[in-house]
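Residue numbers (the UniProt record's numbering), protein chains in the order written: chain L, 1 to 283; chain P, 1 to 262; chain X, 1 to 363; chain Y, 1 to 399.
It should be emphasised that the hints constitute simulated quantities derived from the structure, not laboratory data. Source: prediction; values computed, not measured. What you were told as hints is all true, and nothing was included just to trick you.
Facing chain P, from chain X, some residues (calculated, C-beta under 7 angstroms): (1) N81; (2) N86; (3) S91; (4) A93; (5) F95.
Over the 10 angstroms line for every Cβ pair with chain P, so calculated as not near, a few chain X residues: (6) A33; (7) V191; (8) R263; (9) M332; (10) T344.
Chain P side only, calculated, beta carbon under 7 angstroms to chain X, not exhaustive: (11) S162; (12) E165; (13) R168; (14) D169; (15) L170; (16) G171; (17) A172; (18) G173; (19) V181; (20) P184.
Don't be surprised by glycine CBs; every beta carbon is placed ideally from N, CA and C.
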Amino acid sequence: MGRRAPYWLALPGWLWLGIFLVVPIAAMASVSLTTGNLIEGFAQTLSVSNYSDAIAKYSTQLVRSLVYGGVATLLMLLLGYPVAYWIAFKGGSRKSMYLFLLLLPFFVSFVLRTISWGFLLADDGILFGTLKGWGVLPTDFHVLATTVAVIGGLVYNFLPFMILPIYVALERVDPRVIEAAYDLYASRFDAFRRVVLPLSLPGVFAGVLMTFVPATADPVNAAVLGGTGNTMIGNIIQTEYLVNSNYPTASALSFTLMAVLLIGIFIYARTLGTDNVLEAAAR
Amino acid sequence: MRTRFGDRVLHWYTWLIILWLSSPIAVMIVFGFNDKKSKSNTSWQGFTLKWYQELFAIDGLTEALINSIVIAVVSTILATTLGTLLGLAVGRYRFRGKGLTNFLIFAAISTPELVMGASLLSLFVSANAPRGHVTIIIAHTLFSLAFVVVTVRARVVVLDPSLEEAARDLGAGTWETFRLVTLPSIMPGVAAGAMLAFALSIDDYVVTSFVNGSELTFPLWIIGSVKVGIPAQVNVMGTLIFALGALVAIANSVSSRRRAAR
Amino acid sequence: MTEAIPAIELDGVVKEYLSHGETVQAVKGVSLAIGEGEFFSLLGPSGCGKTTTMRMIAGFEEPTKGVVKLLGQDVTDVPPNKRDINMVFQSYALFPHMNVWENVAFGLRRRKVAEAEIKQRVGEILEIVDLTGREKRRPREMSGGQQQRVALARALVNRPRALLLDEPLGALDLKLRQLMQIELKRIQREVGITFVYVTHDQNEALTMSDRIAVMNDGLVEQLAGPREIYERPATKFVAGFIGTSNLLSGTVDSINGSAAVVRLGAEDRILVAGPSAAGETVDLTVRPEKITISTEQPEGELSVVRGTVNEVVYLGTYNSYAVGLADGAEIMVFQQNANDSSVTAERGDTVWLSWQPQHSYAL
Amino acid sequence: MNNPLLRGLTQSRYSRRDAMRVAGFSAAGLALAACGVQGQKAAPPKASEVADFWSTQKKNGQVVFANWPEYMPEDQGPLKKFQQATGISYEYKEVIQENADFFGKSEPQLRAGQPLGYDIIVMTNGLQLAKMITLGYLVALDHKQLPNFAANAGAKYKNPSFDPNNQFTIPWQAGVTGIAYNTKYVKEDITSIQSLFDKKYEGKVGMMADAQEIANFAMFAVGVDPDKSTQADWEKAGAKLAEQRDSGVVRKYYDQSYIDAVAKGDIWLSQAWSGDVFQRQLAGEPVKFVVPAEGGTIWVDNMAIPKGAANPVDALMLMDFMYQPEIAAELTEYIQYVTPVPGVQAILAAKDDKDAKALAESPLIFPTDDDYAKLRSYKTLTAAEETVFNGIFQSITQG
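One chain only, chain L, in its complex shape:
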């Protein structure tokens, strides 16, 4: 393959992203600078006040989303890494089976999963009802309609997106390098920290990107599992767009969210010591 190889490889993807992502998003960016309402029409005024107004009005929800997304991502990393590790090194010939089992629940519509969660986690349901009956939990204990439920829901829904890329990176690691580390007097923890973890970082980065970004923007979990005061920025965008038909504000909020996420990933990339943030962003 010659020097043009990367261009040939990228061409179909570029076309797809160019036509179906760039063009519509550019149009959306243009909409975010208009003013007006649906009935009177929206006029292009190149006004940036949509941005300042939206940020001023919804900064609480924006910050809340970043916190929820960040905490959920951290939890996913802690919960998911050992699973990816075990499957990659000890999964043997059943690796694919484990991965598929992890992902399979997500082949079934989230509405059904949600209803089932409502059944399982009901205040007096089979889980908590029983525990309350035994006196293990106080009678007013509940998980649904709390912040814990929202973050738990985010963790639940995006966990496979953390596990899979980490697995993909770990699977490549030759177990002999770990033995080599033991050979060089590393403790189990040292071997992990100095050898396995660095080798899996591309996967960790991919996992964080694929979970933090959609978790922060997610509208479903807050709506379904949250209570009062759990509204996230994704819900606001939905309301502004679908209920209020306020397309400029919805677009402005979307771009603000994307910018904030990009900055978040940038800071994360910097902490990891990657100098090219755009490269890091897609790793």
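Assemble the complex: chain L is given as a structure, and chains P, X and Y must be docked to it using the hints.
Relative to chain L, chains P, X and Y alone:
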């Protein structure tokens, strides 16, 4: 001995996570056997198999399920193909436009679903493209694509380039090298990406609801039916999707093993 | 060497890279011819351009300038899969998803060789590299030495016109490496094809090669047989890189017939061919094992210097002395433990070092 | 419109749009966005225009009906009878999941002048339907062709405030928003809306996420008739709701999932839709429904003909066909919501069928006159009012 103990703990832990992720599915399967008397299906009223017998009694639901599966399969194939190629390009090479490509992939992941759906619809409307299977597949391929790129890329960056050089040195052409060496080497990434793409597609509601025209997918039909009451056939079909997913994944793992063995 | 067409010929080959916007020359103009059946080494420190040179022969890199010929044919633009040469990679590059048999048969299958013949040839080569019975193993399940032999078999089974080996023994332990060096030489003799061997290990190069090209900073500093490279390094770099050399620096005192006389101290006299006028500054070199150490001043037409023993190290087959000279320089001397009086001098002794004039020469 | 100059202008606009299409995706997308979105506000059609329109339309022998899932018996009996009776073949599509989503999807198409591909759509009275009307996206109905509606529709379902004289819509099914409570936990008889604000049910009260639903109840609570409310009333209602939320009485602002929460006891009482509660009672769950003394809300899912529909006459015939009491009864038996045809009650009561009798007797399907007296509709809002209104009530639910 400590090693063995640690491994065993991790083994159980992995199963615990799988169990946790699957627990709502168990409820769904159980309520597929509920002999419910009203339209709501949330309290247990006795065992029946009648929903399995009347599985295809609701035409719209059956059609929606078939649509969902067809769309998921086609968009998974497309997204996996395009995403793998793109993942190879950005993971392997330095080239002009790489930074921009990475940015696009980030944008595709971070665009709120609603924005993606709405802006795609505007595009299709202004191009006067009829909405239906094709536009749903386009949209699903779009948002799955980026996830495939990211998983494949994570694999490609740790791929030893001398493997491909060895293949070419031994007389394999560009395509043979890709088929016999590159692809098998990055297969875990490709397979993971494909599984994600399938899950994303078959579970999508928001984007689909914009670009579907008058075609319905399984999630869309269910959400609409919430208003009056979700029929138990939905549970049965969820159960069958679950089973079908198992089949696809097993086939995938078997075929990749066979490919590896060749 | 034969007068026939060389197996591999490089003519004015240059390789430039763009790195962070700057052009870097990895190979700055290399011309050489490698004969058929020759065991040829590219030797040099890491970053000297030896691997790039080999990759241009293999076809993985395209020269910025210059021509690569195989058996007289210009192959500069021919991709690696169309070149009738094979390579053994530093990391072996065994296909992890294939077993030994599939790895070895890979090249033959690409060439559409009949299955029966593949079976026969793979069987033969596995016998040569002593891996019969391990056909079903995966690379991960094998030791480094075994992997190395699979890599060798995988290349050799194709009966290439030339085999390129990129530091193939680097990952093996010393004992195994020495065994494999002999093994490689044997195999090369048996199959009779050209080997181009890239290494930074001078011992390896000296042991196995017919000829060696010593490379430094993108250029060939010396191209010669192992003996000549060792005995008569052409440059200061080669002298320093190959084995242990003593580098001395002094001023020509007088011209004595064909030799110049260099003095470092009052009692020193080094005879060296080359310089033609008194007052010239000369760099000269002498190998430690060529020097005789004695506690009395020697007689005869020898180069003689006087110094003080700084260190004596017993090394089994020989002793190593570090001797400080009047001008502050230090000379290494190796003395074979041939007779009973193994140690000639102790630390702090004043000694005379002497050697035949032909063993030192100006650089 | 016969002015050649005018026609010339319209045509050139069309060809310009076509040129944009030809110029490719990107150009079209960007161009559209760059000029902003044209306002579509339409003056109400004159009676003569409506008559002219209908006089040029003919029966085409086919009709496409877009509805919500589970809003038609599985055997599609009523539609089959329609086909037999009229010879019109039908396509029935369950493509509407949410008013907001459906509007969000349809709006760009209708704005671009492209037909949706449906002859009948069903939307709840509310913000989105109001916008459809204001933007001129619906075809004014020809009531001369709706004799069954005129004859059989209940008086309460004619001439609603959101669509005076049923100019654009006629009801499909209706429902009542009241209070549902779980009798396992709530031992008193709930009669007043104040119970939703009662501190003793702290954390056990569900309210709806929909701005108009909570607004109506808050206005009932502060003694305001939503139909006659002003901005000051909304602010007062908003304050009442803020207090309810901040004191921890509300557990959550729900979508339809409130009913699961009530049935399971996650919440003890909630704003609720009558049809949901009826289903739970059928399933034997301890749920009760009441229209509070202060008032409740009646909402209606309406049939309408979207602009550009290919078969408006066939659509009208289908809409009217559903107003035959026998057909309406068949729908009610399956859907189990409030029917706009009062005659259904007698038909069901006369049936020799336990389930049908139960339906006929249920006040959740046939609210009593007493109930109806307390019911109000959503306030119909202008665009400017809507911004203020949503601002007040969304800041409660989305805090």
